[in-house]
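J.: In the order they appear, the protein sequences are chains X and S.
First residue of the first sequence? That's 1 in the working numbering, and the numbers climb one at a time after it.
First residue of the second sequence? That's 319 in the working numbering, and the numbers climb one at a time after it.
A portion of the hints provided could be inaccurate.
Coverage of chain X stretches by chain S, computed from C-beta distances (three or more under 8 Å per stretch; other residues unrestricted) [to be verified]:
hint, region
1, 147-161
2, 255-261
3, 287-301
Simulated DEER-style distance windows between Cβ atoms [claimed, not checked]:
hint, chain 1, residue 1, chain 2, residue 2, range
4, S, 538, X, 87, 49 to 57 Å
5, X, 203, S, 545, 50 to 58 Å
6, S, 532, X, 14, 46 to 54 Å
7, X, 208, S, 593, 29 to 37 Å
8, X, 32, S, 636, 47 to 55 Å
9, S, 345, X, 99, 52 to 60 Å
10, S, 545, X, 171, 54 to 62 Å
11, X, 204, S, 545, 43 to 51 Å
12, X, 291, S, 636, 54 to 62 Å
13, S, 538, X, 204, 55 to 63 Å
14, X, 78, S, 498, 18 to 26 Å
Since the hints were made in silico from the structure, they are not lab data.
Each residue gets a CB set at the ideal place from its N, CA and C atoms; glycine is no exception.
2 protein chains.
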Amino acid sequence: MSKKLAVGIDIGGTLTKVGLVDREGELFVHEDFSTVKYEDFGEYLDHLQKLVQELRGKLDFEHEIVGYGVGAPNANYYRGTIEYAANLKWKGVVPFSEEFGKRFDHPVYITNDASAAAIGEMIYGNAQNMKDFMVITLGTGLGSGIVCNGKLVYGFDSQAGELGHVVIDPNGRMTGLGRRGGLEAYVSSTGIKRTVFHLLSDSLEDSVLRNYSYNNLHGETITKAAEDGDPIAIKAFEMTGRILGEQLANFTTFSHPEAFFLLGGLAKAGEWIFEPTRRHLEGNLLPFYKGKVKLLPSGMLKKNAAILGAAALVWDHE
Amino acid sequence: MSKKLAVGIDIGGTLTKVGLVDREGELFVHEDFSTVKYEDFGEYLDHLQKLVQELRGKLDFEHEIVGYGVGAPNANYYRGTIEYAANLKWKGVVPFSEEFGKRFDHPVYITNDASAAAIGEMIYGNAQNMKDFMVITLGTGLGSGIVCNGKLVYGFDSQAGELGHVVIDPNGRMTGLGRRGGLEAYVSSTGIKRTVFHLLSDSLEDSVLRNYSYNNLHGETITKAAEDGDPIAIKAFEMTGRILGEQLANFTTFSHPEAFFLLGGLAKAGEWIFEPTRRHLEGNLLPFYKGKVKLLPSGMLKKNAAILGAAALVWDHE
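Full structure from sequences and hints, please.
T.: Okay, here's the thing in structure tokens:
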């Protein structure tokens, strides 16, 4: 019998990740290539087409492609476009689905990476029996994919789920969009690094983190420092978890999710981020929500979440 | 031909409002009665049953009842219950739908009043062609009904849409739930009154509002004062609109609604509240939302919104 496979494509500013995935979420073969190398969008798609053929050639079983799912920054699900993506070389409005359709059979679905992650969570992650939940991705920024009534919330013009830009303090830290106090300036891999630097400036307490420049400080170093009992690292996780917990309690008043799932680099810190977040979420919930909202790791935390999420878009339409 | 009618029932702490409504939102006959008078829930339903018969008797055309829609505080849509409502005499969990079913034919649907208002907006208000929008009710508190993908968001346990409890300042005003900084402590009929009292305390500026006690100051008085050029009243509307606008901009990042609709006592102040709210909403929107999110009066602002919203629950299931 021919095995049905979806092609998952994650378009990042630096790399594009491509893989072949079945309905159960098994990733059979995958490869990355440089996004930046292709300034011409047509040439990019030509290369992508060739790569998909190569990947298919590596499979030693009969299979068929049922569709293509794409996660990309600033993707518009309704129009099939990528619009004014700051970290891509293709400027203005890229008619992604239209150009894609000239080279590939089968449908293509495109959305942003956090929305794709939420669909992945529903199709083959930890939300398979849930109808109301949110996925929060903690990477360079904070992304969010929101599912209500069993459907992803795209919103009026496909720009729902931008919770990283909720303003938590109008006088707070500057964000990449040039506005003050956005949540992702505090809660993300970048956010916790900024918090470490704030704490290093605020006290003279001894810390191994005083040996790192901003550009050389990575999330794993902060986690390692916390594990070794470093007071600054421990305080940074506590502050990050407090702010995230308080905001998840606020988000609960929107859609009363059954669970929040954490994904991305910062989520890999495990209980260092989960414990304070859970404590401050529960502590800030209104009485009628208490004990009813879970904080869980994404089922794709240890997998290739970007490709799996993108491929899940296809299965969501099967 | 027999006309199909829904019975809309709005259960408030003081009054219960009952009316017969057709699919187009015409309210043919309605009457209020005292909720508090009936401490026994069974006797309450007996009276309600009698009143529905009386109302039907007043109609001079052939008709049939297709269902009952109920808006009530702390209503659980999934379980058909009213749970621990602080402003009702029936304590604990009231098995509303179960008891109702013993006395009435036809299905009954129950939800909270702001959710009912959102369905009313969709069925016969100003959101008839919208799939993503929010209704914000500005009365004693701030209620919200959220529609995504054309469906009301009830959430995991029917407690979605509690945006009046979003914490905007952890050190801010105390709310009825005993927590600090909830949005409704600032933006509601009570909230603007509290703002007036804060402004009266903060300056010695002359104001007609210095002649009113807290208990005697009503929303219409503040609107009238603003119309007469009173500086405190004008500042109170500006501050209320600023906070609401800022928060609606935050809410936009959640579900990217096509429009926010305002309903309730404070919304009746017209441009005094709409103008500053719209200005601060637009001013705080992220670049990709600008010009895409409307602030509109509810289509039921000048009608019997409570009964119409409740009746709409029935038509939403037809």
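J.: Give a verdict on every hint.
T.: Quick rundown of the hints versus the structure:
no.	hint	in the structure
1	147-161	holds (count 12)
2	255-261	holds (count 4)
3	287-301	holds (count 5)
4	538/S with 87/X: 49 to 57 Å	52 Å, holds
5	203/X with 545/S: 50 to 58 Å	54 Å, holds
6	532/S with 14/X: 46 to 54 Å	60 Å, violated
7	208/X with 593/S: 29 to 37 Å	55 Å, violated
8	32/X with 636/S: 47 to 55 Å	52 Å, holds
9	345/S with 99/X: 52 to 60 Å	53 Å, holds
10	545/S with 171/X: 54 to 62 Å	34 Å, violated
11	204/X with 545/S: 43 to 51 Å	58 Å, violated
12	291/X with 636/S: 54 to 62 Å	36 Å, violated
13	538/S with 204/X: 55 to 63 Å	58 Å, holds
14	78/X with 498/S: 18 to 26 Å	40 Å, violated
When the structure is compared with the earlier hints, violations turn up for hints 6, 7, 10, 11, 12 and 14 and for no others.
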